[in-house]
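*Asks:* Sequence:
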Amino acid sequence: MAKNPSSKRYALALYQLASENKSVEKCKLGLELCRDILDDSRITAFLGMPNIRVEKKIDLITTNLGEVDRLVVNLMGMLIQRDTTSLVADILNQYNKILDQESGLQRAHAVSAVVMTKQSQSRLSKFLSEVVGKDIELTTEVNSEMTAGLVARVGDKILDGSVKTRLRDLRKSLAEGAS
391 MAKNPSSKRY ALALYQLASE NKSVEKCKLG LELCRDILDD SRITAFLGMP NIRVEKKIDL
451 ITTNLGEVDR LVVNLMGMLI QRDTTSLVAD ILNQYNKILD QESGLQRAHA VSAVVMTKQS
511 QSRLSKFLSE VVGKDIELTT EVNSEMTAGL VARVGDKILD GSVKTRLRDL RKSLAEGAS
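In this text, residue positions in the sequence shown follow our numbering: the first is 391, and each later residue adds one.
None of these hints come from the bench; they were simulated from the model.
One or more of the hints may lead you astray.
Calculated cross-link-like contacts (lysine to any residue; reagent style SDA-like; alpha-carbon spacing at most 20 angstroms) [said to hold, decoys possible]:
#1 K446 / S413
#2 K416 / K446
#3 K418 / V501
#4 K393 / K516
#5 K524 / E566
#6 K554 / A503
#7 K508 / D525
#8 K516 / I548
#9 K418 / T452
#10 K416 / D490
#11 K516 / G494
#12 K416 / L489
#13 K487 / E415
#14 K516 / L495
#15 K398 / Q491
#16 K516 / T537
#17 K516 / S534
#18 K393 / E457
#19 K554 / E531
#20 K418 / K446
#21 K418 / A479
#22 K487 / K446
#23 K487 / T529
#24 K487 / L402
#25 K418 / M536
#26 K487 / E566
#27 K487 / D525
#28 K393 / K416
#29 K516 / V501
#30 K418 / E457
#31 K393 / D429
#32 K524 / R543
#33 K418 / I488
#34 K416 / S431
#35 K416 / E492
#36 K516 / K547
#37 K418 / Q406
#38 K446 / L482
Construct the entire structure; sequences and hints are all you get.
*Replies:* So, in structure tokens, the structure goes:
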């Protein structure tokens, strides 16, 4: 879910216009560049200065964007005018979700106690693909605090196969059986 509801609306509007102009990928790259530019604390400080005219702020960003698609430049101008450039990373995230949805791709993230082999990752991707009915792009992470097992997140679904959860469920079943 978007951190700010406006982010999803901006992303959807940009995607629709980019689709019409056949510049979907170019806009994605432009948004990534905007995010990277705004990671510079000097630029964000400059954009936050109330005594500097909006036109000057827009000129600074436009100069740094170079050959970026006009739609992204226009979006940045609007965000600067509304003092909402902090939304760029979330807009990019929402834009990527729209791209994934349109291409039938679903991102998944798995956390395990140990490093997963390529074969294990492949099997997990295949399993998750069958569960959600879409192609899966899997990222993995190791959490050494886990005893064993793994926890996978696909969209808003969580599949918890950790030993900790299994033990908790077993304890709960035993307690219910004893009553």
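*Asks:* For each hint, tell me whether it holds in the structure or not.
*Replies:* Now for the hints, and whether the structure bears them out:
| no. | hint | in the structure |
| --- | --- | --- |
| 1 | K446 / S413 | violated, 27 angstroms |
| 2 | K416 / K446 | violated, 25 angstroms |
| 3 | K418 / V501 | violated, 28 angstroms |
| 4 | K393 / K516 | violated, 30 angstroms |
| 5 | K524 / E566 | violated, 38 angstroms |
| 6 | K554 / A503 | holds, 11 angstroms |
| 7 | K508 / D525 | holds, 17 angstroms |
| 8 | K516 / I548 | holds, 16 angstroms |
| 9 | K418 / T452 | holds, 16 angstroms |
| 10 | K416 / D490 | holds, 16 angstroms |
| 11 | K516 / G494 | holds, 15 angstroms |
| 12 | K416 / L489 | holds, 12 angstroms |
| 13 | K487 / E415 | holds, 13 angstroms |
| 14 | K516 / L495 | holds, 13 angstroms |
| 15 | K398 / Q491 | holds, 13 angstroms |
| 16 | K516 / T537 | violated, 24 angstroms |
| 17 | K516 / S534 | violated, 25 angstroms |
| 18 | K393 / E457 | violated, 29 angstroms |
| 19 | K554 / E531 | holds, 17 angstroms |
| 20 | K418 / K446 | violated, 25 angstroms |
| 21 | K418 / A479 | holds, 11 angstroms |
| 22 | K487 / K446 | violated, 32 angstroms |
| 23 | K487 / T529 | holds, 15 angstroms |
| 24 | K487 / L402 | holds, 10 angstroms |
| 25 | K418 / M536 | violated, 36 angstroms |
| 26 | K487 / E566 | violated, 42 angstroms |
| 27 | K487 / D525 | holds, 14 angstroms |
| 28 | K393 / K416 | violated, 24 angstroms |
| 29 | K516 / V501 | holds, 16 angstroms |
| 30 | K418 / E457 | holds, 13 angstroms |
| 31 | K393 / D429 | holds, 18 angstroms |
| 32 | K524 / R543 | holds, 14 angstroms |
| 33 | K418 / I488 | holds, 11 angstroms |
| 34 | K416 / S431 | violated, 25 angstroms |
| 35 | K416 / E492 | holds, 16 angstroms |
| 36 | K516 / K547 | holds, 16 angstroms |
| 37 | K418 / Q406 | holds, 13 angstroms |
| 38 | K446 / L482 | violated, 24 angstroms |
In the structure shown, a violation is registered for the earlier hints numbered 1, 2, 3, 4, 5, 16, 17, 18, 20, 22, 25, 26, 28, 34, 38, in ascending order.
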